[in-house]
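Visitor: Could you build the full structure based on these sequences and the hints that come with them?
In the order they appear, the protein sequences are chains C and Y.
Going by our numbering, the first residue of the first sequence is number 1, and it counts up by one from there.
Going by our numbering, the first residue of the second sequence is number 98, and it counts up by one from there.
Hints were generated in silico from the structure; no laboratory data involved.
Please note that a few of the clues may not be correct.
Said to hold, decoys possible - Taking beta-carbon pairs under 10 Å as the criterion, some of the chain C residues facing chain Y (in silico):
1) 41
2) 48
3) 52
4) 64
5) 65
6) 88
7) 89
What the hints assert, rightly or not - As a list, the in silico DSS-like pairs of lysine-lysine whose alpha-carbon atoms are at most 30 Å apart:
8) Y:130 to C:53
9) Y:276 to C:65
10) C:65 to C:53
11) C:19 to C:65
Claimed, not checked - Quick list of simulated restraints, FRET-style, between CB atoms:
12) Y:170 to C:85: 39 to 47 Å
13) C:38 to Y:156: 43 to 51 Å
14) Y:393 to C:71: 31 to 39 Å
15) C:62 to Y:253: 36 to 44 Å
16) C:9 to Y:251: 34 to 42 Å
17) C:38 to Y:333: 24 to 32 Å
As the structure is a prediction and not an experimental result, all values here were calculated from the model.
Backbone N, C-alpha and C fix where the C-beta goes; we use that ideal spot for every residue, glycine too.
So you can see what is in the structure, the chains are spelled out below.
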Amino acid sequence: MPLYICTGCRDIITSGDNKCGRCSSETVRADSISWKIIGRVELFSTPEGFPEKYYVYLLESGIRKIFCFSEAKFDDDASVFPEFIDGKMVCVSSGRE
Amino acid sequence: MAAITAANHVKFGRLEKDLFQLSIDSALPITKKYGDAIDLAIFANAYGGQYNGLSGVNNRLSAELFDVPVPSLRIDNTSSGGATAIHAAKSIIQAGDARSILVIGSEKMSSVPTRQSSSIIASLLDPYERCSGLTLPSLAGFLARMYMTKYGSSRESIAQVTVKNHRNAMKNENAHHRKEISIEDVLSSKVIASPLTLYEYCPISDGSVSMLLSGDEFAQSISSKPVRISSSSISSDTAQVSLRDDIMQLGAVRASSSAALKQAGISTEDVDFAELHDMSSILELVEAEAVGFFQRGTAWKEIMEGSMDPDGSIPVNVSGGLLARGHPIAATGLAQAHEAFVQLTSQAGQRQLKDPHFAISVSMAGFGNSATSIVYEAI
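Guide: Following this line, the structure appears as C-alpha cells:
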C-alpha cells in the first residue's frame with residue numbers, strides 16, 4: 001500500500017487520497033520524497049507480531065520525520081522510503097523491482 | 098494545600114499475589130488506622146484489563162478496605178498514573194470536596210510472557226509508529242545514540258546511571274533488585290535496543306504503594322510528620338514522537354517541572370533531591386537536564402563526577418529509581434512520592450539524606466507523551 005504524507009499538517013495518509021482529510025492540503029507519495037536516514041536502532045527484545053530481531057529507522061525528509069521497520073540493514077541514505085506492507089510501516093529500497 | 102499524612106510501600110518484584118491482593122496489602126495498614134477520616138479512594142492502574150483481565154477494581158477495593166465503602170475512581174495515565182492520581186487528589190482536597198483521600202497505585206505485570214508485556218506497553222504509542230515496530234525501549238536506544246553523537250558522551254557515563262541506582266537500591270528494602278553491579282556488568286549484558294543493554298532498562302515488576310493525602314486542617318491531627326505537596330503540574334506532548342521538533346528534548350518534562358517549581362516558589366537550587374523517571378539509563382540524564390539541574394549535554398559528565406550520588410550536589414533516585422526499585426507502571430509515581438515522604442520525615446533508614454527540605458519527582462507517561470511533576474516540602 002503506498003503511503004502519502006500531507007504537506008500541510010504532515011499527517012500520514014493511507015487512503016491514497018490526494019487531499020488530506022484533516023486539513024485539505026495536498027498529499028504526496030512517500031516514494032516521491034527524498035528520505036535521509038538519521039537514526040537506526042537494532043532491537044533484540046520485540047513485541048508480538050514482529051520478528052525477534054529487527055531494525056527501526058528514523059528517516060527525515062523536507063516535510064517530516066518518520067519511523068519505519070526493516071529486517072535489513074541499510075546504509076545508503078537516499079535509497080529508502082517508508083511504505084505499508086502487511087500492516088507494517090516498512091523501509092523499502094528505491095531500487096526494489 | 099494538601100499533605101501526605103501516611104504511606105505504605107509493598108516490596109516490588111515478581112510477586113505471587115494478584116493485583117487486588119497487592120493493593121489490599123499496601124492500603125489496609127492505612128485504612129485500618131485512618132479509615133473514618135477518608136472521603137474518597139483513587140486507584141491508579143494502567144493495564145489491569147490487559148495484564149490481569151480485571152476491571153472495576155477500585156469499587157471492589159473500596160468495599161474490601163472500608164467498613165462503609167467510600168466513593169472511588171480509577172485513574173490511568175500509563176506510567177505516570179500514580180503521580181497523576183496524587184495531582185488529582187491534591188486538587189480535590191484543595192477544592193474542599195474531601196478531607197482526606199486514599200491514593201493507591203498498583204500493577205501486576207509478571208503474569209504474562211515478556212513479548213506480550215512489550216505489546217501491552219507499546220499499545221500507548223501512536224498507531225503509525227507502532228506499525229514501524231517502535232517500542233519504548235527502542236526510543237531510548239535512539240535517544241542514547243543521539244545524545245552520544247551530539248554531546249560526545251561516553252558509553253560508560255550512560256551505564257553509570259544503572260550502576261548508581263543499583264547501588265542506591267541496596268539500601269532500599271522495597272526495591273526489586275538489590276544487587277550491586279559494575280559498568281562492565283552493564284555493558285556486557287544482553288543488548289535490548291542498541292546501544293542499550295538489559296540492565297539499562299527497568300525490570301518487569303509487580304507492586305503497590307498507598308498513601309493518604311489530607312487537607313492542611315486535618316493533616317496535623319492525623320500525623321505529627323506530614324509532608325506538604327507544595328505543587329504539582331501535568332504537561333502533555335504529542336504522542337507521535339517523530340513529529341516532535343527535537344526528539345532529544347522531553348518537552349513535557351521541562352514544562353511540568355518548570356511549572357511545579359514556579360508554583361512552589363522555588364528554583365532547582367532549592368531542591369535537595371529528585372526522583373526521576375529512569376525507565377532507561379539515558380532518560381535519567383536527559384531528564385536531569387530538562388528539569389534544569391544541569392546544562393543541556395552535561396549530565397553525562399556530572400554523573401561521572403558523582404553529582405547525582407546521595408552525597409552529590411543533587412541526589413537523584415536515592416530509592417534506586419525505576420531501574421532497580423522497579424517500575425510497576427501506575428505504582429511508580431506513588432513510589433517516588435513515598436521516597437519523598439520517608440526522606441522528608443527522616444524515616445529513610447540507611448539511605449537517609451542529611452536534613453532535606455524540598456524534593457521533586459518527575460513521572461513520565463510514554464516517551465514524554467505526558468509528565469507529572471510534584472514538589473514536596475518538609476513541614
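Visitor: Each of the hints needs a verdict: does it hold here or not?
Guide: How the hints compare with the structure:
no.	hint	result
1	41	holds (4 Å)
2	48	holds (4 Å)
3	52	holds (8 Å)
4	64	holds (7 Å)
5	65	holds (4 Å)
6	88	holds (5 Å)
7	89	holds (4 Å)
8	Y:130 to C:53	violated (52 Å)
9	Y:276 to C:65	violated (40 Å)
10	C:65 to C:53	holds (23 Å)
11	C:19 to C:65	holds (20 Å)
12	Y:170 to C:85: 39 to 47 Å	holds (43 Å)
13	C:38 to Y:156: 43 to 51 Å	holds (48 Å)
14	Y:393 to C:71: 31 to 39 Å	holds (35 Å)
15	C:62 to Y:253: 36 to 44 Å	holds (37 Å)
16	C:9 to Y:251: 34 to 42 Å	holds (40 Å)
17	C:38 to Y:333: 24 to 32 Å	holds (25 Å)
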